[in-house]
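Participant: Line by line, the protein sequences give chains A and B. Sequential numbering from 109 applies to the first sequence in this note's numbering. Sequential numbering from 212 applies to the second sequence in this note's numbering.
Honestly, the hints are just simulated from the structure, not real lab data. The model shown is predicted, which means the values in this text are computed figures rather than measured ones. Check the hints yourself; a few may be wrong.
[Stated by the list, open to error] Capping the alpha-carbon separation at 25 angstroms, the derived lysine to any residue pairs in SDA-like fashion look like this: (1) A:K190 to A:I114; (2) B:K869 to B:T918; (3) A:K170 to B:I663; (4) A:K182 to B:K227; (5) A:K159 to B:F225; (6) B:K253 to A:L126; (7) B:K261 to A:T148.
[Stated by the list, open to error] Have a look at the derived ranges for each label pair, beta carbon to beta carbon: (8) A:Q142 to B:N327: 20 to 30 angstroms; (9) A:G180 to B:I267: 48 to 58 angstroms; (10) A:T168 to B:P217: 32 to 42 angstroms; (11) B:F662 to A:T202: 55 to 65 angstroms; (12) B:I267 to A:D131: 50 to 60 angstroms; (13) B:S288 to A:G180: 42 to 52 angstroms; (14) B:F707 to A:A174: 53 to 63 angstroms; (15) B:P416 to A:S150: 19 to 29 angstroms; (16) A:A153 to B:T216: 50 to 60 angstroms.
Heads up, the beta-carbon is just placed ideally off N, CA and C, and yes, glycines get one too.
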Amino acid sequence: MNETSIGSLEETILLIVLVMQEDVYGVSVVEEYQSRTGKTISIPAIHTVLKRLEQKGLVTSKMGGATTERGGRKKRIFEITKAGYKILADLKATRDDLWEMAPQFKTI
Amino acid sequence: MNNPTPPPKLADRFLKWYCHEDLLDEIQGDLYEQYHNNLSTKGRRTARQKFTLDVIRFFRPSSFKSTKLTVNTQILSNYIKVAFRVFKKEKAYTFTNVFGLALGITCSLFIYLWVNDELKYNQWPAGVDGIHYVLVNQIESSGTIHTWRTTPQPLREVLQDKYPAIEKAAITNWGATLILKKDPDHVTLSGHYGSPELFEIFSIPFIQGDHQLLYKQPESIVISESAATRYFGDDWRSKNLIGQSITDKNSRTFTLSGIFENIPKHSTLKFDFTIPFDYYVLINPSQKHWGNYNHNMYVKLAPEYSTASANDNIRNAISENRPDQQETAPLILQPFSSLYLHNKYEQGQLSGGRIDYVRLLSISAILILILAGVNFMNLTTAKSAKRSKETGIRKVMGAVKSSLRAQFLTEAILMTLLAFILSAFFTMTLLPYFNVLAGKEIDSDFFTPQFILGSLGLILSIGIISGLYPAFYMASLHPILSLKGIMRADRSNALFRKGLVVFQFVITIVMIFGSITIYKQLQYVFSKNLGLDRENVVKMGFGDLTPQTFEIYREKLLKMPGILGVAASDGDPTNIGSSTSDPYWVGRDEKTEVYFSILAVNSDFIPLMSIQLKEGRNFDRSIASDSNNYIINEVSASIMGFDDPIGKDLEFWGQKGKIIGVTKNFHIQSLHAPYKPLIIRMDPQPSLMLIKTKPNMTQEAIASMETLHKEFQPDRTFDFTFMDKAYNDRYKSELLVSQLTLYFTIVAIVISCLGLLSLVSFNTEIKTKEIGIRKVMGASMGSILSLIGQEFLVLIIIAFVMASPLAYFVMQDWLDQFAFRIDLDVSLFLLAGISGFLLTLLTIGHHAIRAALRNPADALRDE
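Make the full structure from the sequences, and use the hints.
Facilitator: Below, the structure written as structure tokens:
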């Protein structure tokens, strides 16, 4: 496989970027992540993940608007790329295929 | 923004400081925003903590500023290129500088190796902290305390059984040799009689067998692996040798109980075999006596005891347990690990020993390193001043101070690096010679990565520290002045360099003084009239000779070429070990505690050694009662308080006799100690032959001895020692220090002269025009020489004045350890001062004369 591979945290964050669509930047991703997964994550960690995704060409970014809360500092707004969407779709397809074949867990 | 509680200032500023400008907005923005959110939801405290924590988490290479932290490699390579051009252009300067520094580093490196090796001693046993050696203080009624390294045999059992502080105690005698037959030759092993607990105290591992048999059977033995190799051959490991009988030359048979691993070479305790102490007591029953202080005692402390508390516990073990006699004799415990370096006791207190030399040499090493560094600084400053035009042009072209500093520092560091490489080369080349000189076996395996890293760190710091002054000085010069080549503008600079030269010469003069003093004291020691003639005397052990066969041997030997006389004694008269407080004479105060050294001789001894009799007569073999009579020395006579000692009764070791003679005092121990009281008696069982050879006929005498030896004791190896050599060998550490100081002094002189040389060349260069003008105006050669020389002589005089008291205190302290010593008189100071003076003249002379002889026209046309 010559394609980029991503870890599970990267996958989750990439999904969040895809779902949120608008105003995707550090703090908003942190909040979304926390509300979706119930787990906490720090801003430096999110920055690292986003930067790595960008290096892999799965997201792009541009500098966006500032707010008073940010002390007038600009945000880096992220957006998913086609490659990013494709990798998520591929992952989902693989998993769906597998789930098709999974037996029912009787005990549950 | 009107925020009532802004984020922590310090963390925010830290973020701004390290964060890359491109990233600052998003990172800081995100952190601010989250801080703001947290402030309302989680409270101020948590918000602030989280902010700070996140700032720290962002502190990683990916968010760092890059531009200012990276080194501009292009500029650096330019610095290096310029540096090598300078080295090439100024070959002599570079060489002296690098050489001086390398010399200093090499010296310090050797000292480091030596000290390191010394510190390794006695660290080898497992649990070394608990292992101690037992010493005894013997207090004379005069208040003098003698510290003995030997203890009586019954003490061992008492210590081990009665005192909770002692877990185990082991005793050994002073050493023994074992000669084993092995065709066609003999194997001579050195070891001791020792109690088996020794192996438990020192946890000595066994390769075959163990030491248990030593507890049960006196005729048993354990040997070291090297002894096994020598006796059984290289392939002994493949055989099971335990239980074999080993028979020595005297047909004594021992059962082999075990073969132990070799004792490491860095040890004061060394042996190749142990025969149970029980065997020793069996053949020498007198050794069981409480009064016989003859043995080494090693103990292992119980884990809960420290040295001090254990010492309190056992201090009075002798007085509490000796049944036959009242005796104070408090015990001292000394950790085994310190036995090698701390081996001197004064008045019952530990007072140094070899550690003094370790300290002395360490200090010298540091001094020499400082000297070399100072010299480096001095040379660099002097030389860089000559490059003021280059600096000026660089400045005019827009070089900033920091880049000029960096340039000079790069040069300094490069030069130290060269010096380091050179000194590594020196060290490797000279190491074998150093090993011979110091009597060590240091391998080159000290070149470990840690060692190289450590020394590189040291080198870099030397480079930076000594390059710092010139770098700052040059960078701060005014560009116009430096372009004009005006160098003496700065007075403090000149003063600084003069200060350095004075400092160098203080150290050098102290070292010259030190090496002269040590040399003179050793000359004194070696040439001192000991009161007996140790020249041309050969010592040889009795071996198998009995007193009867000795008489025949003696008669025969006397008829052979080269032999002047033959005498016998029980030990080397220049190094008497045994002593006793037993002697009784009429009028002795019962409470008087005083120790007399005992020497046992035959009637030929006193004339052979040319010992002077003050009164009375020598022993006479034709007078039978003389075997009970005594000869004493002057010190003994005065202690006994006899005005006329001849004919007085004297009794000791159960032998009543009369004093028949008094000798003049002679040295029976090293010159560190004062004259001691001595009693000489006739020896029923001598162990040492003293053979006086005719002057210049030593070869013939040795040949005669060997012929006779083959006839009388064909089984024994022919082994002998010259008495004066044995005497000199006792001052080995002093000799070593004397040689090392000499070499150090030479190094210090070389380095200081290099410093002086740089200063004088700098000065004459500055004064070129002044000298030219003076010459045009008719100044004589002499007046110009004195113009240059004056300044330096003043410096040397200042250095001399500062060095003298320092040298006096240091050397007086060293001399104080000798009871017989030279005086530090004016001539020594003069010698050191004059040699300093001459060195200065020699060093500056060439430059001064060249400057004075120069054609003034050249000097004045110089622009």
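Participant: Now, for every hint given, state plainly whether the structure supports it.
Facilitator: Hints, one by one, checked against the model:
1. A:K190 to A:I114: 15 angstroms, holds
2. B:K869 to B:T918: Violated: K869 (chain B) and T918 (chain B) sit about 40 angstroms apart, past 25 angstroms.
3. A:K170 to B:I663: 50 angstroms, violated
4. A:K182 to B:K227: 15 angstroms, holds
5. A:K159 to B:F225: Between K159 (chain A) and F225 (chain B) the Cα gap is close to 22 angstroms, so the pair holds against 25 angstroms.
6. B:K253 to A:L126: 29 angstroms, violated
7. B:K261 to A:T148: Distance ~13 angstroms between K261 (chain B) and T148 (chain A) Cα, so the pair holds.
8. A:Q142 to B:N327: 20 to 30 angstroms: The hinted range 20 to 30 angstroms is violated for Q142 (chain A) and N327 (chain B), with Cβ atoms some 59 angstroms apart.
9. A:G180 to B:I267: 48 to 58 angstroms: 24 angstroms, violated
10. A:T168 to B:P217: 32 to 42 angstroms: 33 angstroms, holds
11. B:F662 to A:T202: 55 to 65 angstroms: 56 angstroms, holds
12. B:I267 to A:D131: 50 to 60 angstroms: Taking Cβ atoms as reference, I267 (chain B) and D131 (chain A) lie about 28 angstroms apart, which means the hint is violated.
13. B:S288 to A:G180: 42 to 52 angstroms: Cβ of S288 (chain B) to Cβ of G180 (chain A): about 44 angstroms, so the range 42 to 52 angstroms holds.
14. B:F707 to A:A174: 53 to 63 angstroms: 57 angstroms, holds
15. B:P416 to A:S150: 19 to 29 angstroms: At roughly 55 angstroms between Cβ atoms, S150 (chain A) and P416 (chain B) fall outside 19 to 29 angstroms, so the hint is violated.
16. A:A153 to B:T216: 50 to 60 angstroms: Between A153 (chain A) and T216 (chain B), where Cβ atoms are some 25 angstroms apart, the hint is violated.
When held up to the earlier numbered hints, the structure conflicts with 2, 3, 6, 8, 9, 12, 15 and 16 and fits the remainder.
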